[in-house]
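Enquirer: Using the supplied hints, reconstruct the complex from the two chains, each of which is provided in its own coordinate frame.
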Amino acid sequence: MAWYIVRRLLQMIPVFLGATLLIYGMVFLVPGDPIQALAGSKPLTPAVADQLRARYNLDKPFLVQYLLYLKGILTLDFGTSFSGRPVSEELARAFPVTLKLAIMAVAIESVFGIFFGVFAGLRKGKLFDSTLLVVSLIIIAVPIFVVGFLAQFFLGVKWGIAPVTVGGDASFGRLLVPAIVLGSLSFAYVLRLTRNSVAENKDADYVRTATAKGLSRRRVVTVHILRNSLIPVVTFVGADLGALMGGAIVTEGIFNINGVGGALYQAVTRGEPPTVVSFVTVLVVIFLLANLLVDLLYAALDPRIRYV
Amino acid sequence: MLRITRTTAFAAALVLTAGIGLAGCSSDSGSKSKYVTVNGSEPQNPLVPTNTNENGGGRVVDRLFAGLKYYDAKGDPHDEMAESIETTDSQNYTIKIKPDWTFTDGTPVTAKSFVDAWNYGALATNAQLQSYVFTLIQGYDDVSVAPPKAQTMSGLKVIDDTTFTVALTQPSIDFELGLGYAPFYPLPEAAYKDMKAFGNNPIGNGPYKFAEGNAWEHNVKLDVVPNPDYKGGRPAKNEGLSFVFYQSFDTAYADLQADNLDFLDTIPDSALATFKQDLGDRAIEAPTAQDQWIGIPANLAHFAGEEGNLRKQAISKAINREQISQNIFHGTRLSAKDFTSSSLPGYNGNLLGSEVLTYDPEGAKKLWAQADAISPWSGQFQIAYNSDGGHQAWIEAVTNSIKNTLGIEAVGAAYPTFKQVRDEITGRTIGKAFRYGWQGDYPSMLQFLTPNFLSNSPTNDVDYKSPEFDAKLNAALAAKTPEESYGLTAQAQEVLLRDLPAIPIFDYIASAGRSTNVTHAELAWNGLADFETLTK
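For the protein sequence lines, the chains are A and Y, in the order given. Mind the numbering: the first sequence is residues -14 to 293 in this note's numbering, read in order. Mind the numbering: the second sequence is residues 22 to 557 in this note's numbering, read in order.
None of the hints are false.
Facing chain Y, from chain A, some residues (calculated, C-beta under 8 angstroms):
hint, residue
1, L23
2, G25
3, S26
4, T30
5, A32
6, D35
7, G141
8, G153
9, N243
Straight line, CA to CA, 27 angstroms or less: simulated DSSO-like cross-link-like pairs of lysine-lysine:
hint, chain 1, residue 1, chain 2, residue 2
10, Y, K178, Y, K252
11, Y, K170, A, K45
12, A, K143, Y, K297
13, A, K27, Y, K453
14, A, K109, A, K198
15, Y, K297, Y, K95
16, Y, K117, Y, K133
17, A, K143, Y, K242
Some chain Y residues well away from chain A (every beta-carbon gap over 10 angstroms; in silico):
hint, residue
18, D93
19, D97
20, E107
21, Q172
22, L189
23, K252
24, P366
25, P382
26, K424
27, S487
28, Q512
29, V516
FYI, nobody ran anything at the bench for these hints, they're computed from the structure. For every residue, glycine included, the Cβ atom is placed at its ideal position computed from N, Cα and C.
With the rest of the complex left out, here is chain Y (with noise of 0.2 angstroms):
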């Protein structure tokens, strides 16, 4: 008996092992495709640029069409399909397109496609998630009501077919910065006849074309191919990318390390401190336009007025963010200097009045105390957050300093759902101060500033309203260059650094990795791989 039981155990041992060598037999192979694997995550939406408003599908709708620009990996834009951009006030807009441009089904890209696409967006019934960026775009208003009193919006105009023009309701040197932005794509006529097949097999201009057979596993993976057909200025340099959907960082991190994944554009938290020593010069960093803030109600208790201001100073200079950083993201977020992020053109970390947000523990306690001679400080401080997106620990971190420095009771308010959240702070309910961020949609700083502090955006979570800033604001916003717009930005960015309607904590960067089958491999201004140069 004992002999038996011996001899099948061996047997079974060895059963087993030989499994998992045939496992690892099996492994091998599929890592050779001569495809880029980048990691990605199951698009939330159907592949429609209108409709794409997260990076899982942002990343492969930008692959697979080209806009009038495109912006290179440092955040500069470039001209792809626009042969030339005209306005004299910033408001009033003629474009000229490049003729001989295809859809990869072989119909013209003409100013119809654009024109269309951009009414098929913003036209209320059709519920597209980006349709509030054609706001100053004329007749908007019309389109974007249920029932909608027009079909299409009367500030777009065809002239030819590589003509139209676009008249805005108020000028804006954003509006021309943004047409890289992938809600202002063309489409192709075969869109409109079945929108939601299309969005699962689209037909682009861009420098990618979906490959062959079954590119689109669903929540596996979703490869593309170059288009042969693409005459812009960022051509593929790779012989396709595979997107492979990820459950955790954490995962995918073990793929790269094991060179089963090419690129992995975020490492997880939990390799923070030790990814540099892994991945040695595979290991890449790089500033993206991504903020993190805590905003501070308007309405808060003590936070109005003289002594608000004195308050919110004196908090933002009670936070160590250097320390922080260094301490929960191991350098990978930079101590914010103003309202934009500093992979952006034109950004100025040396603001006027910057000094608010570095750490000056006297000069805290003394602000503080000021506040107090106004109106004696009562209560507790509390910052909500949402522990489903990793922040409690800054947020701990952030409030202890707080407390430290001003001797005030200040905590962390957790919620659980990041949806939750956001309810209270759309609602008005949430009664305390909250973290918030934004995430550039394109390489812009009016971007980081139009939506959340002029007075009339929708997105104004803090209900911030100044007239001094919106003015200055609208001026840079109607400036006739770049670089005068970038200065007019900053004298705006001087007042909301006077009048702190939020408190800017960090600036990311991003660290991302590759694997040793790559041979070059960048990081973009948005944190993403620049897709079209990475080479193996």
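Chain A with its partners taken away, still in its complex shape (with noise of 0.2 angstroms):
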């Protein structure tokens, strides 16, 4: 099992390399020069263009810049953006909102999803049933950023039981809407996902042995036809916690969250190489170590699964 670890740990360095090189070269491969962007529509002196550009290794090739990127990585020097600041000081600040964001969202999608899953499976077929599919299909059907305006306009505006923005208080509190909405979607996937395995795995041998057997119906539920039925459920969740985090820049962008997406939004338009992949590369670490939780999890959950 630890060796296990390991390897898949390793097994990062890689991605990790080759994830970089592909970010570098396509912010690098972004037309336009950054710098004259700085100057907007004014004037910018030759000599003060060529200082920036040399200040923040733009003037260098493109693999000089990248290992120079790469040697300060392995300082734990990430660089600085434009406005002069340290990228990892950014980091610092933004990672842990969406993390905090993303994590929310995904236990809220996974607690409900899964409760309403199971209470579907084990009716296929019923009203309580036919009333859940076409809510989870209205919720799939609708983009994010509607159901953020919706909620925001309604619930904080309108009617003011919630916080309209979030800004730079980032409590459970002002959290909670915008995490409703950012798992709204993946509550609606977890719930499809979950009552289907349940009503597969609802007449299963096994199951009808655990019933013979004289186990209690709220047993059978929870520890035979629920631990089996969740595998594909936490491949889904897992990977989503990776999504969500990348992908909560609507959300973020709606009720003006200072996390992740701003932040790469911003570094994206001006094109300033060292953020972008700082914060790119991050998610992907996170997006690898979520899968390999999966992975272990998938053990816990199936007795025939091992690792070695």
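Expert: Spelled out as structure tokens, the structure:
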């Protein structure tokens, strides 16, 4: 088991190198001179432009730029943004906020999704099941920014029962509505995955055996049906944590949450390679770690799976 | 089982509602701040006046520093730190400053504070974005090259603690008008020790200073409080300002409606149609010194000489500015009447030849036919624009207007980002007409004309070269009084209206709003709040 984890962690090194190189290359290839853009339509003295290019290594060839960036990372120096602040400071500020938001969203979607999914699966074809089917279809069909703006307008502006924006105070209470909005789409998926899985498993032989043994209905559902139904759900939720962190940009924009999305968007539009690459790389690492966690959970859920 | 599930579901719903309720409570505590909350954005550079060239940082820098002059809400200049600014030829200035002013660290503001700050801003090795504003000062050419040939500009001389002289390379009345612009602010001694640290926690002499404690929370907000030592003509009338940074104006607008934000200087496009209804008398509108033009590169095929002149006039007359402003901007744009902006001192909306900017389909067709007689038209008329700035709708409307009037193929050419389109414009490789604009740095008509149309200006994007215009504009710059300069500027503009190096389309009207907590809010000439007079 420990060896398996070490191996997986080692595999992350080439992925990390590949990801940074690819992203650095993409930012590099974005047309337009970022230094000229700093000046807008105002003039920029050529000497000043040259100084700035040199300061951010933009005057060097692509590979040199990339290697300098890598060298910096090895010494935990992620470079500086155009505003002169270290990127590491920006990472330390933005990631906790978005991580908190994403974890809240994942918690909400899993708890409610699995709960209602089990309920619907056990009552396959009944009114409750069909109602949830329609509800989840609606949630999947409506784009997230519509949900976000509606929640903000009605809960925040019109009725005043929830904060309109989050701003600097990213507390649990203020992040709750954005987390519900962010988790809503995945809630629908978790619901349907659980529901299908449970509906399939509830007629399985081992469930009949368990019932025949005289186990309580409750024990049959939670231990025998649910545990075996969770594998696809766990796969989805694990991958979703990474997806939500990267995809929170819309929700963060609507609720003015100062997280990864906003910082990344600004860095992309300004064409700051160090900032973009650092943010995306951390996202990639989180994604990889979440996947590792999912694989380990498989073993916990299904005794047939063993890692050596 | 059923009962358990229902109970649990109910409990879950209860928890959720309680959570939202809890969140609701916590939101109230935030809005009771005594500071007036205004929208802003994270400054893109450290708060050093010579390095701040965008209005996220600019709106803060202007609060923290006081210059020789300041501009009131209408854009009229007044002396702030200047006791007197004397010149006989608009080229050599003797500037006396008021004594007894101090920076917030207690050190006095002297003539040297100004001269050193300007020299710092101009020196190439300091890589200050606003370095170009010192271009006119003698000796700038020596300090603005790398490596610099001199460390200071020869045109600046400190006479005594309160007097210094400035020598320019050519007469410019605009130099004096521009002395309230941020790069001309003074800096304290302390700044030069560590400019980076200074930019994070500036020490100024303006109407405000940083609030105690964590004044600047990066990407979140920045708080300033009145500076009790400020002695100038625009003292703070509120207990402080809190610049709240938003990622989108839509979000800021939601906060404004919920009274969490006290002043928003830009109503988002999505609310332009409804904001007057939503806000009632809390909606604020005022013309602002910002223009949109369509530039036509001098070397574009069919747009040179007599033929080009006819075609440019035809295109200008083919654009129904009035209708586009109504349909797309809900009246928040003014049809351009000249190359400056109606909010500027000395503006004249009835210049000779300005009828070329009014919609006249018949006249447009006639002019186009005349041009065709010289050389028949072929191909497409394309207008390049950046699609990250909300320009698509109006550019399409403009091309449709041209297409319908002149019967030619006119299309918008979208570039994904602003920097991409700028690259091709400055590299002269764009090969089509392009959207561009100008936002006044300080309230002066000359500041719209000099950088954009003077032959030797580095930002003359359309390569307009007219000795006649240059002569008239230089005469306006050399004028003795503002009034004299206004008349000469008008003459220079009449040359532009005849040659149309660019086609003016709109002036901006800023649309803003205030919360119910605010008792006085006004928009200034630049489309931002008149921050000092906001009260609640």
